[in-house]
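K.L.:
Sequences and hints are given; from them, build the entire structure.
From first to last, the protein sequence lines stand for chains A and B.
Quick note: the first sequence uses the numbering used here, first residue 54, plus one each step.
Quick note: the second sequence uses the numbering used here, first residue 22, plus one each step.
Among the hints, erroneous ones may be present.
Below, in silico cross-link-like pairs of lysine-lysine (DSS-like), each with a Cα-Cα straight-line distance of 30 Å or less [claimed, not checked]:
(1) B:K61 with A:K182
(2) B:K61 with A:K272
(3) A:K242 with B:K99
(4) A:K250 with B:K176
(5) B:K61 with A:K233
(6) A:K242 with B:K124
(7) A:K212 with A:K200
(8) A:K242 with B:K250
(9) A:K167 with A:K272
(10) B:K108 with A:K250
(11) A:K106 with B:K250
Hints in this document: simulated from the structure, not taken from any laboratory.
Below, each chain spelled out in residue letters.
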Amino acid sequence: MGKIKIKKNDVWIDMTPMSDVMVLLLTFFMLSANFVKNEVVKVVTPASQTMAKVPSSATLDITIDPEGRVLVATDKTVTMEKALEQMLKEREASLTPDQKKVFLASTQIGVPVKNLAQFLDMTHEEQVKVLKSTGIPTDSIQAREDKMSEFQLWVKAMKNGYKEWYNDLDDAEKGEHANKLEICIKADKQTPYSSVKMVIAELQDINESRYKLVTQYKKLED
Amino acid sequence: MAKKKESKQKKMNVRVDFTPMVDMMMLLITFFMLCTSLAKPQAMHLTMPAKDENMQAEDKDKSKTEQTITIYLADNDKLYYYIVDKKEDFGNPEFLKETTWGKEGIREALRNHRHAPVKVLMDAKMQLDNWFNALPKTQQEANDSVYNRALIMIKKGHVDVVNNNQLDQAKYNKIDKDMKEYTETDMVPTLAVNIKPLNNSSYDNLVTILDEMQICCIGKYVIDQINEKDIAILDGNGIAIE
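P.N.:
Now the structure itself:
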């Protein structure tokens, strides 16, 4: 009786085509990447059948959550920085350079300026908790002559900040950027109309009457 | 001597194992897939009238009463519309009708409005779309502004700008010229919509009704505050305002 000889197979698989495909996919995802912003207060936007897209840059996002709290954000750090300087001057507050750094890294602004220094010293977890329970004050400041609210001041400061940055550009660069910030209102499905109405009324007060309402695409049912 | 040694060199196996590389790629791809948002949200454009104290109440409402519809958005996603033929009747609670969202409800009411049905406009828009979509891709880009201009014409009631799924070029040029000189004539009646959301309605309702304006090809609509007459109408039907 002879021994049964099991032939040892060489199981080497050639990975080259697979890695080729992988590189292709990776390149695609890297090039088409626009990262999801890690927003603390998230909203579920309503659906519409509008085809137009939200502009990819030069936006001023106004988030209104179901409880009616208002948060603002903009996509450019330069604009944020300029707006912050202006706001600190308006509201007579100050921040240390470290606090400013934390501020510029954040994706949404949602606390009154007077609490800003305290807020920026908190740990991230605490900040999340605070952001979910405060919001930018929308009531008009009685001490001010123009009776503007802090929210209106933020919108103005950001608009001005962007304008300043835009005006400093070369003519060639100007063509590549929008000449002003586009106001995008991002409210939750459940947000009561009264909150939206108040925000729109405040914007109208400072002569901002064109907005983009952020929605999700939904196919039209026939 | 040296030559001989070289020729005796053993042939090396130059097969490189790609598995670790593939592993790493997989990780990177997963990272990018999870962190990117491919679908960008849509933006609905909204223009509100600028606040102007000098504007008189009469300037606000130039549309004929019979070509107007008032839509109330109320609590719990409820929806009402109000149509009157005579201005004097406005305020009478019995003309208020409740309806539903979507095709069977509010769209039907808009489509078959007694004096200014938007059915004709929607039909014209469909013909315009057919014309535009039938164009070759290269032509579409060139005609984009024409399409948008024609859409404005249709919204204004110039439905004859399209004919048999084709754009009537002569008509288009004529209306375009008239519009620039403000001497427009021959329009089918168009509907004016007053959207009056109550404070207890949701933002979702507002967006849905604005979307309906796009679907129904309505050019004249305004988001308005409720006044005493509206309160009388709603009160008469037992609808909570706050």
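K.L.:
Each hint: holds or not?
P.N.:
Status of the hints after comparison with the structure:
Restraint check for B:K61 and A:K182: the C-alpha separation of about 28 Å stays at or below 30 Å, so the hint holds. Between B:K61 and A:K272, the direct Cα distance comes to roughly 15 Å. Compliance with the 30 Å bound is thereby established for this hinted pair. Distance check on the hinted pair: A:K242 and B:K99 sit about 15 Å apart at the alpha-carbon level, within 30 Å; holds. Distance restraint check for A:K250 and B:K176: the Cα-Cα separation of roughly 27 Å lies within the 30 Å cut-off, and the hinted pair is therefore satisfied.
This hinted pair checks out: B:K61 and A:K233 have alpha carbons roughly 21 Å apart, not beyond 30 Å. The suggested pairing of A:K242 with B:K124 holds, with an alpha-carbon distance near 20 Å, which does not exceed 30 Å. Among the hinted pairs, A:K212 with A:K200 is consistent with the structure: their alpha-carbon atoms are about 19 Å apart, no more than 30 Å. With a C-alpha separation of about 29 Å, the suggested pair A:K242 and B:K250 falls inside the 30 Å cut-off, and the hint holds.
About 45 Å separates the Cα atoms of A:K167 and A:K272, which puts this hinted pair outside 30 Å; it is violated. At most 30 Å may separate the alpha-carbon atoms for a hinted pair to count; B:K108 and A:K250 meet this at roughly 27 Å. Taking the CA atoms of A:K106 and B:K250, the gap is near 39 Å; set against the 30 Å cutoff, the hint is violated.
Checked against the numbered hints above, the structure violates hints 9 and 11; every other hint is satisfied.
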